[in-house]
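The listed protein sequences correspond, in order, to chains A and B. Counting along the first sequence from 1, when you hit position 82 you're at 82 in the numbering used here, and nothing is skipped either side. With positions in the second sequence counted from 1, the corresponding number in the numbering used here is that position plus 1000.
Simulated from the structure, these hints should not be mistaken for laboratory data. Treat the hints loosely; a few may be bogus.
[What the hints assert, rightly or not] Among chain A residues calculated to face chain B with C-beta under 10 Å, some are:
no., residue
1, L33
2, K151
3, A163
4, R166
5, P169
6, G208
7, K213
These numbers come from a predicted model, not from an experiment. The beta carbon of each residue, even a glycine, is placed where N, CA and C say it ideally should be.
Listed below, chain by chain, are the residues.
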Amino acid sequence: MAEMLSYGFMQNALMAAVLVSLVSGVIGTLVVLKRMVFISGGVAHTAYGGVGLAFYFGVNPILGAVAFSLLASFLMGYVQRKTRQRQDTLIGVMWAIGMAIGIIFADLTPGYKADLMSYLFGSILAVTNADLLLMLAVDILVISLVVLFYKELQATAFDETFARVRNLPVDLLYVILIAMIGLSVVMLMRVVGLIMIIALLTVPAAIGAMYLKNMKHIMWLATGLSLVFTIGGLLISYTYNLSSGATIILVSGGTYLIALALHRFCRRCPN
Amino acid sequence: MVEIKALPQVEIKNLYGGYDHETVLEDINLTIWKNDFIGLIGPNGGGKTTLLKIILGLLPPKKGSVRVMGQPPQKGRQHIGYVPQFAIFDSDFPISVYDVVKMGRLSGKRIFKRLTDKDNDIVEEKLARVDLLDYKNRGIRELSGGQRQRVYIARALATEPEMLLLDEPTISVDFESRKKIYELLHNINQQGVTILLVSHDLNVISSYVKTIGCLNRNFHYHGEKEITEAMLQAGYNCPVDLIAHGLPHRVLADHQEGR
């Protein structure tokens, strides 16, 4: 253990786990309560297009991912708000196109491309100091916004029509939320990879929502769970030499199934 | 009782409304005066929800004018306490009764401001008003349908509205709770809050409302608590079965005095 912690990459990984758990808990709660799981998955996968493009043009892939995931957030948000039908189809199509763009541009890029895989499957052990700074910046931004708009975000998540009648800026809040989702997705991509982001964004919050009834408490519990999942998964993957991203997801997914079973089992759980 | 008829709370003139390719409402005229208690009935698809959306400024009218408290709906709606249709809610949403009612204290003008002790007092007062103060720390998903509906009424009251607007408040609510809700609304109305109530539940609302209107594309309303022959004859599909079975006679026949 002591030996493990002496590695710089491990220290970075643990710090990344803390930083990532904060957005996973806070934004994940909003995603789950506002039923935006599918759209978040779409944003995550579309972001890969940005990664591929950035590789091709020799730019930092994170920048490409940020640009694409923000673009995808706004597009998908617009589709979800403005089209009455087929919104899931449209989001699904964008999802696939984003990924395809990423793969094509990766093909077009000459040379060694193994690093592209780390965006698909995550590599918490390869988190750099620069990544940590970016994560910290996203954390600060996201958490400040949520604190600032907490009661309004809660009101729109619960009952958007009522919020609108109260003249809350429902559309602006939606844009802010979806931009926060876009940024969180890029952050989580480093840790579990874009294919599995959905799990880390939903599982901790979903468990919290099962047992608690105060959004703030759910956010705290989800952050804590996320921390346990990422660090637990990291230790297991280190010990048995497994992929860290997939191990983290299996730990969270397994816990979710147990929590769900317990919840079903004891209908009289404190609520 | 002297009615102050000087101030129309909602004034709708020659309104046409609907969605992209279909018009659901045709040439609607309606003036709602302070202290009225209007029951709005009509078949599904008759435009009841569309009319509510227009009054709440959620849907722009196709033609005609709408004023709420003398202002455009998007401004005037801040004086309306809206109680949405129960069925549209995520009944599993994790939130406490207290926090739901607290949402009534939010408004566009108070975004960066914390809620105060006074807000909390109002929330408690409204919870007591709907007889749910003991339930304030419960999760909304633990409540029965009728209790949940009263929470939404408390939330609407917490906005301190001039007028309550309710969309089918008693769908999937048992008879006893229904009665409780209507009695509550009756008392609220007595204390000077105008009420516009959309319901299928003609049988029950007829005992509590002051005036009844019937909506099916067109609008039949005479500012009276009476379903006129014209309403039925014109084929408004108002729930005739209810009228046939045990509707209090006075609703069909007698002209009410004083209104």
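Cross-check of the supplied hints:
no., hint, verdict
1, L33, "7 Å, holds"
2, K151, "6 Å, holds"
3, A163, "7 Å, holds"
4, R166, "5 Å, holds"
5, P169, "7 Å, holds"
6, G208, "8 Å, holds"
7, K213, "4 Å, holds"
The structure agrees with every numbered hint stated previously.
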